[in-house]
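Undergrad: Sequence:
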Amino acid sequence: MPGYELWSDKERKEVNDVLETGILMRYGFDGPRKGIWKSKELEAAISETFGCKYAQLTSSGTAALTTAMSALGIGYGDEVITPSFTFVASFEAVLSVGAVPVLVDVDDTLTLDPEAVRKAITPKTKAVMPVHMCGSMADMDALVAIC
Numbered sequence: 001m002p003g004y005e006l007w008s009d010k011e012r013k014e015v016n017d018v019l020e021t022g023i024l025m026r027y028g029f030d031g032p033r034k035g036i037w038k039s040k041e042l043e044a045a046i047s048e049t050f051g052c053k054y055a056q057l058t059s060s061g062t063a064a065l066t067t068a069m070s071a072l073g074i075g076y077g078d079e080v081i082t083p084s085f086t087f088v089a090s091f092e093a094v095l096s097v098g099a100v101p102v103l104v105d106v107d108d109t110l111t112l113d114p115e116a117v118r119k120a121i122t123p124k125t126k127a128v129m130p131v132h133m134c135g136s137m138a139d140m141d142a143l144v145a146i147c
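To convert, note that position 133 of the sequence shown is 133 in the numbering used here; the numbers rise steadily by one, no gaps.
Rather than coming from a laboratory, the hints here were simulated on the basis of the structure. Hints may be right or wrong, so weigh each one.
[Claimed, not checked] Between beta-carbon pairs, the in silico distance windows are:
| # | residue 1 | residue 2 | range |
| --- | --- | --- | --- |
| 1 | E115 | W37 | 41 to 49 Å |
| 2 | E41 | D9 | 48 to 56 Å |
| 3 | S47 | M140 | 22 to 30 Å |
| 4 | I146 | A45 | 29 to 37 Å |
| 5 | L42 | G98 | 37 to 45 Å |
| 6 | A44 | K124 | 33 to 41 Å |
| 7 | K40 | E92 | 21 to 29 Å |
| 8 | T21 | R118 | 26 to 34 Å |
| 9 | M140 | E43 | 38 to 46 Å |
| 10 | C52 | V144 | 13 to 21 Å |
[To be verified] In silico DSBU-like links for lysine-lysine, alpha-carbon gap of 35 Å or less:
| # | residue 1 | residue 2 |
| --- | --- | --- |
| 11 | K53 | K34 |
| 12 | K40 | K126 |
| 13 | K34 | K13 |
| 14 | K126 | K34 |
| 15 | K53 | K40 |
| 16 | K13 | K38 |
| 17 | K10 | K34 |
| 18 | K38 | K53 |
| 19 | K10 | K40 |
| 20 | K53 | K13 |
| 21 | K13 | K40 |
| 22 | K10 | K53 |
| 23 | K53 | K126 |
| 24 | K38 | K10 |
Glycine included, every Cβ here is placed at the ideal spot set by N, Cα and C.
Start from the sequences and build out the full structure, keeping to the hints where you can.
TA: Following this line, the structure appears as structure tokens:
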């Protein structure tokens, strides 16, 4: 499988350290873990690298989006603007917190059309979820100016 050559002995050792504990989940089983907390180590490294107070690993992009929306207090009845052309996880994450996805047209870059976003905003809008698609970046400057 392409990509395997990117793993060095260092990465293999890190994975094997976790596998040898037999504990493949983050929480609990502190005794058998033998002091190996790779997830906490990675979160600390991410926090240090990006200069942020918190970092939270998740099992998938969908879980990351759901976690972010929950952290922002997005919930039942709130609206989240998403592009009509995106991966299904965008919709699933919005629905999983009880919010309503508002599908907005994309422009020639296949990303959110800022003018369509402006027109879709209502008093219930709590977030705009830009998705960078097929190598095209959403026009973040325009979207930030709108929000």
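Undergrad: If a hint holds in the structure, say so; if it doesn't, say that too.
TA: Checked hints:
1. E115 x W37: 41 to 49 Å: With Cβ atoms ~47 Å apart, the hint holds.
2. E41 x D9: 48 to 56 Å: Because 18 Å falls outside the window, the suggested range is violated.
3. S47 x M140: 22 to 30 Å: The hinted range 22 to 30 Å holds for S47 and M140, with Cβ atoms some 23 Å apart.
4. I146 x A45: 29 to 37 Å: About 34 Å separates the Cβ atoms of I146 and A45, which means 29 to 37 Å holds.
5. L42 x G98: 37 to 45 Å: violated, 30 Å
6. A44 x K124: 33 to 41 Å: Given a distance of about 38 Å, which is inside 33 to 41 Å, the answer is holds.
7. K40 x E92: 21 to 29 Å: holds, 28 Å
8. T21 x R118: 26 to 34 Å: With a Cβ separation near 51 Å, T21 and R118 fall outside 26 to 34 Å, so the hint is violated.
9. M140 x E43: 38 to 46 Å: violated, 26 Å
10. C52 x V144: 13 to 21 Å: holds, 19 Å
11. K53 x K34: holds, 26 Å
12. K40 x K126: Holds, at roughly 31 Å.
13. K34 x K13: Given that 35 Å is the threshold and the Cα spacing comes to 16 Å, the pair holds.
14. K126 x K34: Violated, at roughly 43 Å.
15. K53 x K40: Given pair K53, K40 holds - Cα atoms ~13 Å apart, limit 35 Å.
16. K13 x K38: holds, 12 Å
17. K10 x K34: holds, 19 Å
18. K38 x K53: holds, 18 Å
19. K10 x K40: Holds, at roughly 18 Å.
20. K53 x K13: Since the Cα atoms of K53 and K13 sit roughly 28 Å apart, the hinted pair holds (cutoff 35 Å).
21. K13 x K40: Roughly 17 Å separates the two Cα atoms, so the pair holds.
22. K10 x K53: At roughly 27 Å apart (the allowed maximum being 35 Å), K53 and K10 satisfy the hint.
23. K53 x K126: holds, 24 Å
24. K38 x K10: holds, 13 Å
Taken one by one, the earlier hints fail for this structure at numbers 2, 5, 8, 9, 14, listed in ascending order.
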